[in-house]
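Peer 1: Start from the sequences, fold in the hints, and give me the full structure.
Line by line, the protein sequences are chains A and B.
Terminal number for the first sequence in the numbering used here: 596, no gaps in between.
Terminal number for the second sequence in the numbering used here: 774, no gaps in between.
A couple of the hints might just be wrong.
As the list claims (entries may be wrong) - Capping the alpha-carbon separation at 27 Å, the derived lysine-lysine pairs in DSS-like fashion look like this:
1) B/K125 to B/K143
2) B/K661 to B/K529
3) B/K529 to A/K210
4) A/K139 to A/K161
5) A/K177 to A/K164
6) A/K139 to A/K177
7) A/K263 to A/K358
8) B/K204 to A/K358
9) A/K363 to B/K143
As the list claims (entries may be wrong) - Sample of chain B residues facing chain A (criterion: CB under 7 Å; computed from the structure):
10) R189
11) E512
12) A516
13) F600
Simulated from the structure, these hints should not be mistaken for laboratory data.
Virtual Cβ for every residue (Gly too), placed ideally from N, Cα, C.
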Amino acid sequence: MSSTQPDAATIEVIRNYLTSAAAEMQRTLIRTAYNTIIYEILDFGISVYDADRNLIADSPGLTMFLGANDYGIDKAVEYVGEENLNPGDVVLLNYPYWSSTHILDVMVFMPVFHDDELVGYTTSRAHWLDLGAKDPGYVLDSTDVHQEGVIFPGTKVYKQGEPDQEIIDLIKYNSRLPNKVIGDLNAQIAALRTGADRLEELHGKYGSETVDASIDAIIGHGERTARRAIEELPDGQWSATGYADSVTPGKDDKVKIKPVVTIEGDEMTIDFSESSDQIDAPRNIPFGMTQTISKLCFKSITTPEEDSNEGQYRPLHVTAPEGNLFNAQYPAPTFTLWPAIIAVDIIYEALAKAVPEKVAACSGGDLCDIMLYGQNPETGRQFVEANNEGVGWGATEQRDGPNALMHITETMVRNIPIEVFENKAPIMFDSLRLREDSGGPGKLRGGLGIERNYRFTHPCGALSIIQKTETEGWGMEGGQAGAKNVVVLDLDDDWEERLEVYVDLDDLYDAQDADVKYAGMFRGTFHPDEVISNRSGGGGGYGDPFERDPALVLEDVIEGYVTRDGARRDYGVVITDSLEIDHEATQQRRG
Amino acid sequence: MAPSEHLAIDIGGTFVDSITFDRATGAINVEKASTTPADPTIGVVNALEKVGADLESTSAFVHGTTLAVNALLEREGARTGIITNEGFRDIYEIARTNLPRESMYDIRYDKPETLVPRRRRYGVGGRIDAKGEEIEPLDEDAVRQAARELVEEWGVEAIAVCFLHSYQNPAHEQRAGQIITDEFGEISLSLSSDITGEYREYERTSTAVLDAYIKPIFDNYVEQLDGTLRDRGFGGSFFITRSGGGALTADNATTAPVHTILSGPAGGLIGASYVGDVIDRGDLIAVDFGGTSMDACVIEDGAPAVEYESALEDMPMMIPVFDIRTIGAGGGSIAWLDGDLLKVGPQSAGADPGPICYGQGGTDPTVTDAALALGYLKPEDFLGGEMGLDADGALEGLENDLARPLDLSVREVSTGIFEVTLANTVGAIREITVEKGLDPRDFTMVAYGGAGPMFVPLVAHEMGVEEVLVPQAPSVFSAWGMLMADVVYDEAQTFISVLDEVDYADFEQQFVNLEGDLSEQLTSEGFDGGQQRLERYVEMRYLGQEHTVSVPADGLSDLDELGERFEKSHESRYGHTMEDPPQVVHLRVRAIGEAEKPSLEASDDVASGEPQPADHREAYCFTEDAMVDFAVYDRADLAPGHEVPGPAIVREPTTTIVFHSDQTAAVDDYEHLLISGGDGR
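Peer 2: Following this line, the structure appears as structure tokens:
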């Protein structure tokens, strides 16, 4: 192989090598991790950088961890000092304002050397189960970052290949689940080593000059592709405003999210400065995470099918002033930074005004997570199980929205099978079904959300992490929003002694029964035979629902996606008892 | 004389391969006919006539067919309905709520239509809990009513029944099945618990639905083909290859045809294991390079790797299937430019129009065109001279579409196409070796399929594999392998318990029950005790993990020993053990009925002197990185004992073997070519 200007085949071979190195890192992490949140919910991000810390390959578990280590690697290397990095070092970082999420998403990286030259970095971030926060599991109401766990600002946990036992002990003694946490640290390091070996191999085989030139070509290709895609879009400025749920129980203090998108030539800017200031609740977003969700939206309209690299994001600029919700400053708490997830649909709402043909109407808009914890009555063992729910996706000008899919920020995540869940936790499900009439009406209908009913068989702890229940999503071109997310709790009458309901929706749903609560976020202990009904939101519709072909509305009624009442109310289509269209009545209703 | 002929017929996308073997004489005949999608039986009959099979003297007919998978891919299966628990009819549609990986950033993703729309999914009262206890009795009237509506209102031809926790207690499914059969005897029925005893309701439902969806078509086909063969005097046994190894009787295949759905590549793996056994190589990587794809599978200690959950078009199946890695890279794969990057596949020119050099109207340059440009194929040699090649057209296509835009020569762009294909292949093979803790350098690669013998020596070179085995007739090796199939059945039972809490008597009894069922099955098919082999496996994990490890459980003295075996397996696969308690998840038994089959005999030929090249030509040597002189041999001229130094090309009528300057091919006693050297040495 010649070592100068590499040819097209060499570049493609090297690109393939890097991509499969990242994929191999992911599989190593999944196989060796100790906690289900990593290997089932895929709460991790993996990336490979060159010596200048350009992203050259990634393999995120959660879609929203695309490029999630980009900000952290810069901050950590600045903190440690590039000159202090040696072969075999592993550096730990979870200072949220640098590592870009919350304290439990712990990032580790390893510098990679070839012939004594620094040639790149491998990184992984993954969700650990406990680092001594004020509450086990999730912290829902911290008021500063120090209630959320122990902080590592860029700390060497391995020095030149040797573990630093003092740091490892420090981690152990500050965790409620020391074995799991150390197991996960080792799994992350195993993944880093896998990637580092491959990167070294690559430099050994082709020589650093060829590898560097190929990386330049790969990044250049990424940048050109993204710029071309943006160039085809109209210039202008668009914004949208949405809200995450109220923070203070009993008070309407919803959190304002307002991205402003500007397209100019072959560049795009997303600015968050008109959003809320940072708040005294764990909803704040470190700036690195703000960049990451922006990259996700940007990627899905420019290079959705390509492997990620630095070049693809060069035409994107993200801004938010310090102290803004989207650029949280110390000591703002960040534990449940869900507004970052909710913001994704709001960025798409702004983009829908610019390039409707590139996006879809709003999805159900959240992860709809229920977490159960406590002691298994059969085995006596402690357990934590979390289950995210699919939501309805939004319609486009070409198709109805799909039913029941995980939110775009976590599209690889799977729900937990009923038969697995009933074996692990003291519950028996009453039902799991699509929510009829939950899809946003439109000429093209939004997708349906899910209703899942958990019935407890023994006492058990439970909480919900859902922050979009008070407000609805949005349709496009006259289409309407889908049904909102809501949790309906069917309780014994002493529930107030056991449950904290952070977001009470009784008024919104005009609740009549004192033992049936409508809620967003809650936490507490449940009795046998009490029921949690988790209902995820529907997708938004596209176009005027009164223009939907009555034959399609009839199909939806036969299928049971839309009720006859819904057909009449939302679509103006009257359907008879024998499931036929009453054309005359329909014409009258539709005017 | 007793019937002594064996016949195997493998239906592929383009060709029907047929092969006969005469046990008395050892003679093997091979033929190819065209696939006839409209009525596959015609293609089968053409193929067996072409190969001159004498059905009256045929004792065993082994058949591999893509009929079921095609019915699924083309959505031409039976109109199917589902009966499940009340409140849960949407499990099948909600599925696991994730998107396919390739669509992970696609905000405009469209979910494919389900095989069974909501209107044909019914919930009925009755509930069994996680321990297998009945919480609510089955509502029999509701079952009857649901079946009636499915049949009378929606016109279904097949019904899949799946109830929660039926892996623990199948009573409700069995009773529902009985009711449906009593009322609508003609309807095709698939009970999830008949196919798999494993937990996870969506995957089990999906498996039952796939089975129901293909069953009526499969039944008809088998009945029709069986009748046609019998009419022609066939009186032997009729076997169909299975997705997870071996074959089953045609009768048995029709009770759960989902087991045959991925049987396409099975023949090659059976053949590779068999050849490996004969020449004493237990650890193999089988690499099948065809026209459109590369399929690779690891064979360890003579057994191809099997996985217990796979998917077809993102529809999961809980049946054992060979763990095969497939990538869209074959002789027909199209090379193209993405800006200034050179890509190969996954689009393929297929057999029609095919590569440019076929001269059948193909206009996109392919891997085969690059092989021609590099000198490996010669126009007048191709397909034994039956089919000429359009060399000028191929070179022109490479020049115009690729070389000129990239400012490279045709030779450079052609080596590039090989390098890119090679990188994709190596990546796929690393996934099934290195990432599972296996070192590919400890394996022999088996090269087959039309393009295998040209590519695999390069793959081996790249991965440091020391030896490549090229079997006889590599382009029809899959059909040959089918002749070697044993009858195999698998059964599994979910048995969730922490190891410390396992009741050993109960554990043992569950195994005995599984073995009893399977052994009875084999006996009824004529396998006596001496021809039966039963293997036990336990799937285990650490408490809290999701992924299980399969632990061989034959000859176990107690549960502690099982724990030790598990720790050893976990350690060797993942590099560590854990402090959490081990947990048993599934018990599995594989029952093998050893079929009578041809044996591979050493050749009587002996090498006389050095092998003589039939020709010489310029071709590209990847070791020298240059066009050099290659000696060209005819495989028919090579005999046991011959050694052929590289660089060389060995011609066969339907394939071309290429090895490079630091490699050597030796001909063994069975006339296999064993290629060694290169980086592996």
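Peer 1: If a hint holds in the structure, say so; if it doesn't, say that too.
Peer 2: Now the hints, each set against the structure:
1. At roughly 8 Å between alpha-carbon atoms, B/K125 and B/K143 fall within 27 Å of each other, so this suggested pair holds.
2. Restraint check for B/K661 and B/K529: the C-alpha separation of about 14 Å stays at or below 27 Å, so the hint holds.
3. Proximity of B/K529 to A/K210 is assessed by CA-CA distance (about 23 Å); at most 27 Å being required, the pair is judged to hold.
4. Taking the CA atoms of A/K139 and A/K161, the gap is about 25 Å. The hint holds against a cut of 27 Å.
5. Restraint check: the Cα-Cα separation between A/K177 and A/K164 comes to about 18 Å, which is no more than 27 Å; the hinted pair holds.
6. Between A/K139 and A/K177 the CA atoms are separated by roughly 16 Å; this keeps the pair inside 27 Å, and the hint holds.
7. For the given pair, A/K263 sits about 14 Å from A/K358 by alpha-carbon distance, which is consistent with the 27 Å threshold.
8. For the proposed pair B/K204 and A/K358, the alpha carbon gap of about 25 Å is at most 27 Å, so the pair holds.
9. Proximity of A/K363 to B/K143 is assessed by CA-CA distance (about 55 Å); at most 27 Å being required, the pair is judged violated.
10. Look at B/R189: its Cβ gets to within about 4 Å of chain A, closer than 7 Å, so that hint holds up.
11. Using the Cβ-Cβ criterion of 7 Å, the hint placing B/E512 at the interface with chain A is satisfied: the shortest such distance is roughly 5 Å.
12. Against a cut-off of 7 Å between C-beta atoms, the interface hint on B/A516 holds, since the closest Cβ of chain A lies about 4 Å away.
13. For B/F600, the interface hint is violated, the least distance from its beta-carbon to any beta-carbon of chain A being 18 Å, above 7 Å.
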